[in-house]
Amino acid sequence: MSLTLQPIKYCPICKLPPDYCAFGPKYNQCKEWLKENYPQYLKEEDKTDNEQFLNPEDQLDQEENEKEKKKIKKKVPFNQVTISLSKRGKKKFVTIIEGLEKHGLDLKATSKFFAVKFSCGSNILKGSDDTIVIQGKKNEEVVEHLINKFHVPKNQIKLEKANKKIKKPKKQNQKNRNQVQNQGNTMGRGRGRGRGRGRGRGRGRGRGSGNSSGGRGRGGTGGRGRGRGRGGRGRGRGRGGRGRGRGRGRGRGGRGRGRGRGRGSSYQKY
Amino acid sequence: MFNKWNPQNLKRNVLKSSLRRKIQKAIVEQYPALESLITTLMPKKKQLEVGKAENHLQFYIIESTILFFRWRQGPFYPTLKLLHQIPSLLPVYYVDEGAVKPLMGGAQIMMKGLTKLPNELPEENIPAETVVAITCIGRKNAFTIGLTVHSTEDIKKINNGSGIKNIHSINDGLWKFEIH
Chain A
1 MSLTLQPIKY
11 CPICKLPPDY
21 CAFGPKYNQC
31 KEWLKENYPQ
41 YLKEEDKTDN
51 EQFLNPEDQL
61 DQEENEKEKK
71 KIKKKVPFNQ
81 VTISLSKRGK
91 KKFVTIIEGL
101 EKHGLDLKAT
111 SKFFAVKFSC
121 GSNILKGSDD
131 TIVIQGKKNE
141 EVVEHLINKF
151 HVPKNQIKLE
161 KANKKIKKPK
171 KQNQKNRNQV
181 QNQGNTMGRG
191 RGRGRGRGRG
201 RGRGRGRGSG
211 NSSGGRGRGG
221 TGGRGRGRGR
231 GGRGRGRGRG
241 GRGRGRGRGR
251 GRGGRGRGRG
261 RGRGSSYQKY
Chain B
1 MFNKWNPQNL
11 KRNVLKSSLR
21 RKIQKAIVEQ
31 YPALESLITT
41 LMPKKKQLEV
51 GKAENHLQFY
61 IIESTILFFR
71 WRQGPFYPTL
81 KLLHQIPSLL
91 PVYYVDEGAV
101 KPLMGGAQIM
111 MKGLTKLPNE
121 LPEENIPAET
131 VVAITCIGRK
141 NAFTIGLTVH
151 STEDIKKINN
161 GSGIKNIHSI
171 NDGLWKFEIH
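Chains A and B, in that order, are what the protein sequence lines are. All residue numbers for the first sequence refer to full-length UniProt numbering, where the first residue is 1 and numbers rise by one. All residue numbers for the second sequence refer to full-length UniProt numbering, where the first residue is 1 and numbers rise by one.
Hint data in this document are derived by calculation from the structure and do not stem from the laboratory. If you're wondering where the values come from, they're calculated on a predicted model, not measured in any experiment. It is possible that part of the hints are untrue.
Straight-line C-alpha distance at most 25 Å; calculated DSS-like pairs for lysine-lysine [claimed, not checked]: (1) Lys15/A - Lys81/B; (2) Lys31/A - Lys101/B; (3) Lys9/A - Lys101/B; (4) Lys101/B - Lys26/A; (5) Lys81/B - Lys26/A; (6) Lys176/B - Lys11/B; (7) Lys43/A - Lys101/B; (8) Lys140/B - Lys43/A; (9) Lys176/B - Lys9/A; (10) Lys45/B - Lys35/A; (11) Lys47/A - Lys140/B; (12) Lys101/B - Lys35/A; (13) Lys47/A - Lys26/A; (14) Lys47/A - Lys101/B; (15) Lys15/A - Lys157/B; (16) Lys165/B - Lys81/B; (17) Lys140/B - Lys26/A; (18) Lys15/A - Lys4/B.
Far from chain A, by Cβ distances over 10 Å, these chain B residues were calculated [stated by the list, open to error]: (19) Ser18; (20) Ile27; (21) Leu48; (22) Lys52; (23) Arg72; (24) Pro75; (25) Val92; (26) Lys101; (27) Ala107; (28) Lys112; (29) Pro127; (30) Ala133; (31) Arg139; (32) Lys157; (33) Ile158; (34) Ser162.
Don't be surprised by glycine CBs; every beta carbon is placed ideally from N, CA and C.
Bound conformation, chain A alone (with noise of 0.2 Å):
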């Protein structure tokens, strides 16, 4: 049985070969060429008709399926209901609902209903005929509602995000330890990060536990070991840290004297 080495060609947007390119990070950008080379290999929202047969056998069997989908789309009508958020003073929100009328609900009831449940105010918008407004946030729970109780189909519904940037904390510090290197130094007075050049002054939280364990590991009595570690309340020659933390030298000087130079032994949340 004899081999023979067979050339391939790889997509020139994402690398990977073309049956796997839908499944691939660049799928957006590589659509265009595999319509023109390879258009069997597209995912199936994106073919068009001519493309997506080689046998007529199967575009008969679409036809037919195409002929019931249009069937059913004529006996729902698309009317949207949009929910939003908006704000009443600093703190406080009110849910706007609007859109609920061409459902075929009576408005004053249903803000009657929300006013119930929620146990709060709800309002019908005066200029117009179909905003509902329910004081507080309730842009959730509403949505519930509008499915069991009032029968309102659940693509029809749209829920508006909020505008809200929301910062995510975890990351920014990640960020500042990876700098920690490259930063100047304080005069170790620093609580946490502080990079003492300490004399170890750090404030650090230093895990300094007081329990000699000689050399390694947590090297806390109050320092006076050897001390690898983190040079717990001073005075310690605390050698590099916590293992992961590239102690280079002097370790963390935790509290107070240690000769750290250390790294103000921050309470880092690994």
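Dock chain B against chain A, hints included.
Just chain B, lined up with the frame of chain A:
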């Protein structure tokens, strides 16, 4: 396996010819179909280099392309770029489309995913601990290389747990790795 693998310094050495002959012999022993091809893959005029990484991982490199790799004295695994050129080198298992993305992220292959398509299981019994290629239905090329944990008969019987270990797949650290 090579999910987040990005080594900084890969040590490389040139192999001397006696060692090189041993390795070529071992490869042909494991893949007897490569007998005629091995001289085109590893021509005499070019030097075969060995790259070493953590965990006793060794690569065999010719002209800055990786051909095979292995751990300690284990079986030789071809890289995917080589496998796409010689598709009939390894026995094949077939998988659903929904399994492609998790496997590209490094997941193991469960027996239930293989028995979902009972018509596509291989006819011959593939024993445990062989190197296997895995492809998606309707496609030609493989996208992962794995090592079987159980034979095909056991997979049909037990039908619970992991069946194939995932070693190397598309778009992981080894696929993106380039040597300069």
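A quick look at each hint next to the structure:
no. : hint               : result
1   : Lys15/A - Lys81/B  : holds, 11 Å
2   : Lys31/A - Lys101/B : holds, 19 Å
3   : Lys9/A - Lys101/B  : holds, 22 Å
4   : Lys101/B - Lys26/A : holds, 14 Å
5   : Lys81/B - Lys26/A  : holds, 20 Å
6   : Lys176/B - Lys11/B : holds, 18 Å
7   : Lys43/A - Lys101/B : holds, 14 Å
8   : Lys140/B - Lys43/A : holds, 16 Å
9   : Lys176/B - Lys9/A  : holds, 16 Å
10  : Lys45/B - Lys35/A  : violated, 42 Å
11  : Lys47/A - Lys140/B : holds, 20 Å
12  : Lys101/B - Lys35/A : holds, 22 Å
13  : Lys47/A - Lys26/A  : holds, 17 Å
14  : Lys47/A - Lys101/B : holds, 21 Å
15  : Lys15/A - Lys157/B : violated, 39 Å
16  : Lys165/B - Lys81/B : holds, 19 Å
17  : Lys140/B - Lys26/A : holds, 21 Å
18  : Lys15/A - Lys4/B   : holds, 18 Å
19  : Ser18              : holds, 27 Å
20  : Ile27              : holds, 13 Å
21  : Leu48              : holds, 18 Å
22  : Lys52              : holds, 24 Å
23  : Arg72              : holds, 28 Å
24  : Pro75              : holds, 19 Å
25  : Val92              : holds, 14 Å
26  : Lys101             : violated, 6 Å
27  : Ala107             : holds, 14 Å
28  : Lys112             : holds, 21 Å
29  : Pro127             : holds, 20 Å
30  : Ala133             : holds, 13 Å
31  : Arg139             : violated, 4 Å
32  : Lys157             : holds, 31 Å
33  : Ile158             : holds, 29 Å
34  : Ser162             : holds, 21 Å
In the structure shown, a violation is registered for the earlier hints numbered 10, 15, 26 and 31, in ascending order.
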